[in-house]
Structure formats: C-alpha cells, structure tokens
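Student: So the chains spell out like this:
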Amino acid sequence: NAGVTQTPKFQVLKTGQSMTLQCAQDMNHNSMYWYRQDPGMGLRLIYYSASEGTTDKGEVPNGYNVSRLNKREFSLRLESAAPSQTSVYFCASSNPGEKLFFGSGTQLSVL
Amino acid sequence: KNQVEQSPQSLIILEGKNCTLQCNYTVSPFSNLRWYKQDTGRGPVSLTIMTFSENTKSNGRYTATLDADTKQSSLHITASQLSDSASYICVVSGRNTGTASKLTFGTGTRLQVTL
Chain A
15 NAGVTQTPKF QVLKTGQSMT LQCAQDMNHN SMYWYRQDPG MGLRLIYYSA SEGTTDKGEV
75 PNGYNVSRLN KREFSLRLES AAPSQTSVYF CASSNPGEKL FFGSGTQLSV L
Chain B
12 KNQVEQSPQS LIILEGKNCT LQCNYTVSPF SNLRWYKQDT GRGPVSLTIM TFSENTKSNG
72 RYTATLDADT KQSSLHITAS QLSDSASYIC VVSGRNTGTA SKLTFGTGTR LQVTL
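Chain order of the listed sequences is A and B.
The first sequence begins at 15 in the working numbering and counts up one residue at a time.
The second sequence begins at 12 in the working numbering and counts up one residue at a time.
This is chain A alone, in the form it adopts within the complex (with noise of 0.2 Å):
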C-alpha cells in the first residue's frame, strides 16, 4: 500500500521557470492538501481540494495554482519560480474528521 506518492523528490529551479509537482493517493480519501515547510516556521497551507472537482485557496496560495484531476491525484504548479518558493512541499490526504496522511516530500530550490 503506497498511501501517498509525490514527485519529483528533489528539484531544482531557475527564477522565472514552471514546474508541476504531482500527488497521488492510493487510500481512496476525498481530501488533498499542499503544504510547505520552512525553517522555524509550522506547516502552511497553500491550497486543498476537499472533494474531487473542488479547490480552495489555503493560507498562502501566491504563486500556485492547482489541479484535483481526479480522486487520486491532486497536482501543484508553480508557474514563475521565485526565490521564496525555496521549501519543502507536501502533499497530504484524509476523509473529513481523520488524520492525514502526508507524502514523503519534494525539497525545492529555485536560484
């Protein structure tokens, strides 16, 4: 059981480039999440689908956008890389009310 599968692993982006980072669950949960995680600062959420055909702005959704393709895969693109978007992102699931399950992260450096 995969649970929650996200590429690539590492990348690294020069200012201006896009890119998509691609989830994919295998649990059958309704929600998808983005998160980033920065040094000394808690997980923040960029955008979140809580049901297939339905994404929502999170709290810092600048320069993203986001595509729930179907149940399983919910995707990140960053369209012009900047610096800031130097992090760490996950991508998580869960059934309303439950845990979360979080991939293995993708580490992001744009120069």
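It should be emphasised that the hints constitute simulated quantities derived from the structure, not laboratory data.
C-beta atoms are modelled at their ideal positions from N, C-alpha and C, and glycine is treated no differently.
Derived CB-CB ranges, DEER-like:
no., chain 1, residue 1, chain 2, residue 2, range
1, A, PHE24, B, ASN66, 36 to 46 Å
2, A, GLY67, B, ILE23, 46 to 56 Å
3, B, LEU93, A, THR68, 41 to 51 Å
4, B, THR31, A, GLY54, 16 to 26 Å
5, B, THR81, A, PRO22, 40 to 50 Å
6, A, LEU83, B, GLY27, 47 to 57 Å
7, B, GLU16, A, PRO110, 24 to 34 Å
8, B, GLY71, A, LEU83, 31 to 41 Å
9, B, GLN83, A, GLY111, 20 to 30 Å
10, B, THR37, A, THR100, 25 to 35 Å
11, B, THR31, A, LYS28, 44 to 54 Å
12, B, THR81, A, ASN79, 33 to 43 Å
Following the hints, complete the assembly by docking chain B onto the known chain A.
Tutor: This is chain B only, laid out in the frame that chain A set:
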C-alpha cells in the same frame, strides 16, 4: 490570531529515559488536537488525535494529554528509543468543517535520543 507554541524547541535525552513535550495553543473555536512525528527527510506521521472531551490518548509508548480549559497539551514518551529521534509537531484544528483546512501547526520539538 490562532497560534500553536511548542516547547522546548529541542531536547536531547539518553536512550531509555522518559520525556515530555509541551504544546500551548490559542486556537478558537477548538475542534481537535493532533500530534505528529516527523523523521528527517520524511513527511509527518500521525500519533494521536484528541477531541475536546478526551483528556488522554495513548499510542504505544506515546501518551498525549489535553487540558482544553487551559489550552495545553503534552506528549509523553516512555522508555525512549533511538528511533524516537525526530521532530514532534502539535497541530490544532480550529473548526470542525469536516476537512483539515483549518489546522494550525506548531513549529515542532526536535528530539534527539542518544546512547
């Protein structure tokens, strides 16, 4: 502003010893409080979830307590093992919307267990 504060920031203990991590929160209204363990280079893994009515919840050698009146929680680790070396994150849900979209994360306590 909803906040979750954890102490200490870091802690070193000898293998076999017990330790207690603290979490204070100002999130309101309160729905539930969660503790997660995050190994280096990995995503957080859930240890416990406690609602308003629960004072204590255990998961093996991990025991979480909650005092909703004082808005404090603690995570007690018994007979620590080297594999307990990780960051422990306190997370508070501020509204029962059915999704995890209203979670406030603490910055974590970094625990190192040594021989």
